[in-house]
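Engineer: We have chain S; now place chain H onto it with these hints.
Number of protein chains: 2
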Amino acid sequence: MKTIPDTIAVILKRKSVRNFSGAPISKDDLETILHAAMAAPSAVNRQPWNFIAITERKTLDQLAEGLPYAKMLDKAGAAVVVCALPEKAHDHSLDYAIVDATLASQNILLAVEALGLGALWTAAYPTVERMAHVSKVLHIPAHVIPLNVIPIGVPTGEDQPKDKWNAANIHWEKW
Amino acid sequence: MKTIPDTIAVILKRKSVRNFSGAPISKDDLETILHAAMAAPSAVNRQPWNFIAITERKTLDQLAEGLPYAKMLDKAGAAVVVCALPEKAHDHSLDYAIVDATLASQNILLAVEALGLGALWTAAYPTVERMAHVSKVLHIPAHVIPLNVIPIGVPTGEDQPKDKWNAANIHWEKW
Chain S
1 MKTIPDTIAV ILKRKSVRNF SGAPISKDDL ETILHAAMAA PSAVNRQPWN
51 FIAITERKTL DQLAEGLPYA KMLDKAGAAV VVCALPEKAH DHSLDYAIVD
101 ATLASQNILL AVEALGLGAL WTAAYPTVER MAHVSKVLHI PAHVIPLNVI
151 PIGVPTGEDQ PKDKWNAANI HWEKW
Chain H
1 MKTIPDTIAV ILKRKSVRNF SGAPISKDDL ETILHAAMAA PSAVNRQPWN
51 FIAITERKTL DQLAEGLPYA KMLDKAGAAV VVCALPEKAH DHSLDYAIVD
101 ATLASQNILL AVEALGLGAL WTAAYPTVER MAHVSKVLHI PAHVIPLNVI
151 PIGVPTGEDQ PKDKWNAANI HWEKW
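So the sequence lines, in the order shown, correspond to chains S and H.
Oh and the first sequence: position 173 is 173 in my numbering, straight run, nothing missing.
Oh and the second sequence: position 96 is 96 in my numbering, straight run, nothing missing.
These aren't lab readings, by the way, just hints derived from the structure by calculation.
Possibly wrong hints are sitting among the right ones.
A pair counts as met if it fits within one copy or between any two copies, since identical chains are not told apart.
Said to hold, decoys possible - With a Cα cut of at most 20 Å, we get these calculated SDA-like pairs of lysine to any residue:
1. Lys88 to Pro155
2. Lys88 to Val154
3. Lys58 to Lys136
4. Lys27 to Trp165
5. Lys71 to Asp95
6. Lys58 to His35
7. Lys58 to Pro5
8. Lys88 to His171
9. Lys174 to Glu129
10. Lys27 to Asp74
11. Lys71 to Val44
12. Lys15 to Leu94
13. Lys15 to Tyr69
14. Lys15 to Pro5
15. Lys71 to Glu173
16. Lys75 to Asp91
In isolation and in its complexed conformation, chain S is listed as follows (with noise of 0.2 Å):
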């Protein structure tokens, strides 16, 4: 039997976390998240990013108000949004705002499982009133786009990972 290395072990164990105990997330863990985050590749180098890590609990339940799927917040220990910075970005391309900000959250996502925590990607982009509404409560200039809200924290346990393979999906050699 082949052996997995753990990171892949990581990822494919990694799922959407909507269960949390309430726990808090200590700033150390939210630095070492944000480390991952800022590893991931972006087109020229660009890092067209920016991170808000939140831990009020009155900021993170403004920004549940305005989040239809968001509502998890409320035992969440602690949010990362993700911000795109079109102006930073190649070409000063949204589009590659967009793919590389998405780069970095999804480091954020193993990073948070391969610490033992949970989280989820909940959608501002590409809705214009939930960008609206994050950028609103957490003060984010107008050129700025809050691409997510992601609440990490300490999973219940009730949430468990998908098997998605598909073999379906692959093409060899040529569609």
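Structural biologist: Chain H in isolation, oriented as in the chain S frame:
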């Protein structure tokens, strides 16, 4: 000193590898990599992605001909093209399809690193001519978007990770 989980070490040491030995990549490794890709999250779990795995020298060379930043395909053992499928995405949205296929792509880059191999994202999207070239070589249908070409190979060791940590990218509690 705090112990860093293996996965976070892999996230931090992942780099864009442009120098390959020319050695082949096994189908087993490609399947592991694609397994990791499909473990990514997607909006409303729509999984709006497909993957083309290429090992034939002729096809790798044909791809390189129309991609100015993918010349390292000449020594790659394989490549994966991640395709975004707006028709399968939440709300049939191009934006969600691109984001979800990007999340899968980051899993590919990390799985490659975890296996001791090397890779990098060379962009097809959003450049119309590059997408058209990749679609033509691989017979990709018109409604499908080739997001990138990810050459995969055995690294020579010349490429090293960058430390991209920048505390100025982080806002605590609010922007």
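Engineer: Are the hints correct? Go through all of them and say.
Structural biologist: To see whether the hints hold, each was checked on the structure:
1. Lys88 to Pro155: For lysine 88 and proline 155, neither the intra-copy (35 Å) nor the inter-copy (30 Å) Cα distance is at most 20 Å.
2. Lys88 to Val154: Neither: 34 Å inside a copy, 32 Å across copies.
3. Lys58 to Lys136: Intra 14 Å, inter 53 Å, cutoff 20 Å: intra-copy only.
4. Lys27 to Trp165: between (35 Å within a copy, 16 Å between copies)
5. Lys71 to Asp95: Neither way: lysine 71 and aspartate 95 sit 29 Å apart in one copy and 23 Å across, limit 20 Å.
6. Lys58 to His35: For lysine 58 and histidine 35, the Cα distance exceeds 20 Å both inside one copy (25 Å) and across copies (40 Å).
7. Lys58 to Pro5: Neither way: lysine 58 and proline 5 sit 40 Å apart in one copy and 31 Å across, limit 20 Å.
8. Lys88 to His171: Only across copies: lysine 88 and histidine 171 sit 17 Å apart there, 35 Å inside one copy, limit 20 Å.
9. Lys174 to Glu129: So lysine 174 and glutamate 129 pass the 20 Å test across copies only (19 Å; inside, 40 Å).
10. Lys27 to Asp74: within (19 Å within a copy, 45 Å between copies)
11. Lys71 to Val44: between (37 Å within a copy, 16 Å between copies)
12. Lys15 to Leu94: Cα proximity of lysine 15 and leucine 94: none, with 28 Å in one copy and 24 Å across.
13. Lys15 to Tyr69: Only inside one copy: lysine 15 and tyrosine 69 sit 16 Å apart there, 34 Å across copies, limit 20 Å.
14. Lys15 to Pro5: Answer is both; intra-copy 18 Å and inter-copy 18 Å each pass.
15. Lys71 to Glu173: between (44 Å within a copy, 19 Å between copies)
16. Lys75 to Asp91: Close neither inside one copy (40 Å) nor across copies (29 Å); limit 20 Å.
When each numbered hint is compared with the structure, violations occur for hints 1, 2, 5, 6, 7, 12 and 16.
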